[in-house]
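Q: If you want the building blocks of each chain, they are given just below.
Number of protein chains: 4
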Amino acid sequence: MKLRLGMIGGGPGAFIGAIHRHAAALDGLYELSAGAFSSKAEKSRAMGELLGLPAERVYESYQELINQERARPAAERVQVISIVTPNHLHFAPAKLALESGFHVILDKPMTFSLAEAHELARVAAASGRRLCLTHTYTGYPMVKEARQLIAEGAIGSIRKVYVEYPQGWLSGPVESESQQAAWRTDPARSGAAGAMGDIGTHAFNLLEYVTGLRVERLCADLRAVVPGRRLDDDGAVLLQLSGGASGVLTATQVAAGEENNFRLRVYGERGGLDWQHAEANTLLVKWPDRPAEIRRAGTGYVGSFARHNARTPAGHPEGYLEAFANIYRNFALTLQAELAGQTPTPEALDFPGVAEGIRGMAFIETVVASSQSAQKWTDFRV
Amino acid sequence: MKLRLGMIGGGPGAFIGAIHRHAAALDGLYELSAGAFSSKAEKSRAMGELLGLPAERVYESYQELINQERARPAAERVQVISIVTPNHLHFAPAKLALESGFHVILDKPMTFSLAEAHELARVAAASGRRLCLTHTYTGYPMVKEARQLIAEGAIGSIRKVYVEYPQGWLSGPVESESQQAAWRTDPARSGAAGAMGDIGTHAFNLLEYVTGLRVERLCADLRAVVPGRRLDDDGAVLLQLSGGASGVLTATQVAAGEENNFRLRVYGERGGLDWQHAEANTLLVKWPDRPAEIRRAGTGYVGSFARHNARTPAGHPEGYLEAFANIYRNFALTLQAELAGQTPTPEALDFPGVAEGIRGMAFIETVVASSQSAQKWTDFRV
Amino acid sequence: MKLRLGMIGGGPGAFIGAIHRHAAALDGLYELSAGAFSSKAEKSRAMGELLGLPAERVYESYQELINQERARPAAERVQVISIVTPNHLHFAPAKLALESGFHVILDKPMTFSLAEAHELARVAAASGRRLCLTHTYTGYPMVKEARQLIAEGAIGSIRKVYVEYPQGWLSGPVESESQQAAWRTDPARSGAAGAMGDIGTHAFNLLEYVTGLRVERLCADLRAVVPGRRLDDDGAVLLQLSGGASGVLTATQVAAGEENNFRLRVYGERGGLDWQHAEANTLLVKWPDRPAEIRRAGTGYVGSFARHNARTPAGHPEGYLEAFANIYRNFALTLQAELAGQTPTPEALDFPGVAEGIRGMAFIETVVASSQSAQKWTDFRV
Amino acid sequence: MKLRLGMIGGGPGAFIGAIHRHAAALDGLYELSAGAFSSKAEKSRAMGELLGLPAERVYESYQELINQERARPAAERVQVISIVTPNHLHFAPAKLALESGFHVILDKPMTFSLAEAHELARVAAASGRRLCLTHTYTGYPMVKEARQLIAEGAIGSIRKVYVEYPQGWLSGPVESESQQAAWRTDPARSGAAGAMGDIGTHAFNLLEYVTGLRVERLCADLRAVVPGRRLDDDGAVLLQLSGGASGVLTATQVAAGEENNFRLRVYGERGGLDWQHAEANTLLVKWPDRPAEIRRAGTGYVGSFARHNARTPAGHPEGYLEAFANIYRNFALTLQAELAGQTPTPEALDFPGVAEGIRGMAFIETVVASSQSAQKWTDFRV
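Protein chains in written order, with the working numbering: chain B, 1 to 382; chain L, 1 to 382; chain D, 1 to 382; chain V, 1 to 382.
Treat the hints as calculated values from the structure; they're not laboratory data.
Careful, some of the hints might be misleading.
Which copy is meant is left open, so a pair is good if it fits within one copy or across any two.
In the DSBU-like style, the derived pairs of lysine-lysine whose C-alpha atoms are separated by at most 35 Å in a straight line are [as the list claims (entries may be wrong)]:
{"no.": "1", "residue 1": "Lys95", "residue 2": "Lys40"}
{"no.": "2", "residue 1": "Lys2", "residue 2": "Lys95"}
{"no.": "3", "residue 1": "Lys95", "residue 2": "Lys43"}
{"no.": "4", "residue 1": "Lys43", "residue 2": "Lys2"}
{"no.": "5", "residue 1": "Lys2", "residue 2": "Lys40"}
Chain B with its partners taken away, still in its complex shape:
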């Protein structure tokens, strides 16, 4: 049976709310049953209607949604709540939802501050409910293939990692025109970091997810390039990684003309891996002494995780929504297994959660501290 889903945020014009709805719908594993789509009653209602929800399941606040759904009969009330609000509105609804017995899907970064993240972790642990954090890019099959190859030792121990996330959409002072830009560049809604919080955290998460290494120290140079901007819109970070490896992470939103070509390259003693978002269904594997390989999603030779996360045969490109849907799907498979009293498979359990959320918030706070420091290296503190 489909999981009943409620949504907090995602009103008219919200980019990420629509993405979450597509992701939830794609595999037919969720039924969107309720929503508090906006703090403005009218907007929430309009969205509810557009989505064909009955009026009584459309709420005016997250509190109302959580409290009233909790009051519904078990067979009817939502089981999972997706929270897709700006960063400053992650913690409170997530906490209330968990404490009220709901599983939670939360957009990244997990909270507004590291302190909130630790607190939410405690709440989640106490609640016995699960929290899923939508670090989209870990949902791509060939990202998972990279991770599995590294875990299996294919390229030997890792020496160097490059991760880059270039965007150009904040090259101009667009915060006056764009709702998306406005909250992301506002310290009161976005948090201590701008680009580093929005996309740097994806880069950091992908690096740790794929390599299995941990950032131990870093040296950051964050900048607010566009005049008048109050948060970083560009940054570069040197990394020291566990096991003696090193890395470079860049994230920028002022690379004029760039779209969203997130890229990760990992080099070990015996070979290298190269994945980029613009060719998401491909993983290049490079060797010193034989031809590079073009590994492709949907083929028969990929590992169990890549296979589990593809819906179509090779040559039928899957994209961003499918990657997002993989996170929803794995979370659903985990919940369904547990509802049925079974142990979820490793492939089902492969979704980001609380641990990744805490490290992401620590990343934000560490890069901000490092950027303000005259010392070269700053310890990564969780």
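Place chains L, D and V on chain B using the hints.
A: Chains L, D and V only, in chain B's frame:
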């Protein structure tokens, strides 16, 4: 409100049935409400359960589905029926569905023979119901951009068209192991052509869709390359097109190592267009005297059709399922408008239907005739 | 010691003459010692001066060059003569040069007609001198790698070959402005074919060189697309190849916006090869059941022919001039070996010559005949 | 008339010596007339014979070459001396050559230390002779196009620069087997830096050449990754640039599987530029609000510098040797103009020299100092 959808075919292991379900689900415009997923009762039931359908809406034959659904109250019975069976089982259920008052979504090619196609066209016209044919590739935003650019005269009058559809999955005698391969290589289920019917029709459809030209004469060389194969698994066709243009169409399923990199190139007096499936979100536009342009889905500068058919901003790749979903979505928008007594927009009406189906069947019969002829040119007869 | 080289043709503004000079110079194996660069004395002299030749080695006609050089002392006279004139001026100077004891490097196509080609073959055989035909594209290391892989059976027996040669520079009626365009579109100087003679012969030669197969029958559709043009500027050809394989060859000079992206794809029972000029240092090798390989020039793993024809390590791109120079270099290595009484290596002997020239001329005459025929298939007649 | 060239270094097995000879030969502007190819007499003689030099022009030491050539008649003695020895053997021969009245072509980095670089600059200025430094990558047409576009303001004022130079050939401890690796990893022959001296200087030079900006402060993290290696084989550098821009420079020789895909990306207020060595004939130009452009070498629309540095029309790839040859060619055009009492054109004068050499050495010393510092930023000191 969501459109209620019934499905004929798409049982366990069926590739295209699963695709149709994803496509119907993605935008939340359909509710899968009933199905006759297999002619084997047990398999149909198993699939219905997996999909969470109530037992009474899972049928053992297409006739049962159509007749029993027709008997249900209007507010409950399915409104649209998707038919995703092998080619020899397209005509009868489509005819009965239309005659019984249902709209129909039909996998390509439309029928088993051109004669059936003409008959189905008559039935559809008489029924007042709509038929949508899932020529997937026309659902890609940048395919639509190519079409719109040509229609607006961007490259001048067309001179040359190359369309190629290389696959490798039938390089070996896999029909004994693979259900997908078995019916596609069986004249009794697939029809007069193999590769030309399966993917050559896509190539033909894309060419006519994008260019607006019509094939007038052709010269085909079809081959059954794998020993023992009874239908063509490879072919090449020279084309004469309306307006004096010419073209080359190739379709093969024995290009060992190829996945599904369908490609269309169109050259006019003033420039050229190049789209390929492996980079589906990109359209290259080439000019004789200035730099080639990389036009991208999701950007602000694309035309109204490309814009209407994208869900995400540039740099967030959309793929095969999204293209498929665009066909379902446009068909839904058309039906919803008409149910509401409105005229659908040109963007909603942009889905393949009966006319494309007839031309596709004529293509199959003409290439087969040409391939058997010692004459160079064979007229394209509809 | 360097080989002393004379040149016929290649005056001011001639594209291919300059290319031949770069190719001869790159490896320091030739010394340009004499030239009859133009039939206009003044132009020939001007080019000679520009190249720093002594005035007495600059001639006003090919006859003068050949006769006067023959009269010089053996230690001083040229040993090899490069002929880089338009097609109608290949036969006579090549014949005279061979008969006068000189080795000849000849631009393609070998002659103006097949009959001339046969006659030149007889002359060459009788002369005991060598003739090298500059089919440039066979000089690329990764083309040679493709050939060697196929010869070694890497992809099994060949089933399908696609070769395409798209250019756009003749999209407009440029023959009035451009000397290069003028002779290539003039039947009196170019011969029976336009695009098919100029670039179709390259495509044909590459196909036969790489695959080792022979064209046995073909079906051609040639067109003069630009109004007023007297020779084909566009064409497509279906091919029947030895061993039961088939193929498609296209060559066009009216693909507006295309540069020179010559491409060859070969599919065998067990895999496929894909080479394209725009990425000339790469050969893609595709397999049905494992990742495609990116084979690269300059690496340690390529075969003996690719290795012999590269000057730089992997990642240092070599291009068109280097490919051209490989032909000059292999010819020089062959002549030097023979002058030293040694047998040239297989790698040195790997340059196109009389046999390729005859087949190229047969290709031109057969495609023209086929294009004029109402029969589908025309036998390839040498 | 050709310039007479002498060469110091470049004996059997030397990579860069052979490259210099190809580069000098390609355009027929130099005549290799003398050489001291190795400090071992036998090897020098063997190479001289291979190159067809008369025995009396083959020397056993650079001093011998310079002194004996100086003693020859003016019409016969070499005019230019190419020095292609390891770094520790740049200064002395270059100094003697300049003081002896010869023009000098010197491989990079200019000297062994910054102090030597300053001294050589003084010598060069006093000598009235010219020094050309072979920073190869500035010789590519599309690198020059990037520089010209930026100089003309096409992308507005620069904000961010990424330059990366990944190689993998030193991933293993190959210094015991490879002569190339041995001297590059030896502080006594290579200088204060390994990878940063060998390829980091190219990256630094390209950045300053293309952008016109100057590095003002930097933060470096250099590493000797392979156990036992005495010089850095990997490094990353954060950059502060003149005009308020910032950048990231990475250079590594332990990126296993990478060849030589040097890449530069520059983002300004209005657009971005992307050039990479693996597609050297292409420059991508990206815009926030219109399609990205693929600018190509050899086309009619490129600027005067790109045009001047190409030999073939678009679609005929030029590579590493051509880029190298452009430096030789521009140097020759400059010398020839000056010998003729003319002022060289801006395009001829466009080759790297003393100023670039000093900055390159300052880069090496600054990154080494920064890498040893606990402070984040180190001033760039010349």
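Q: Take the hints in turn and mark each one as holding or not.
A: Status of the hints after comparison with the structure:
no.: 1; hint: Lys95 / Lys40; in the structure: within (22 Å within a copy, 49 Å between copies)
no.: 2; hint: Lys2 / Lys95; in the structure: both (24 Å within a copy, 33 Å between copies)
no.: 3; hint: Lys95 / Lys43; in the structure: within (24 Å within a copy, 44 Å between copies)
no.: 4; hint: Lys43 / Lys2; in the structure: both (27 Å within a copy, 21 Å between copies)
no.: 5; hint: Lys2 / Lys40; in the structure: both (29 Å within a copy, 25 Å between copies)
Of the hints listed earlier, there is not a single one the structure fails to meet.
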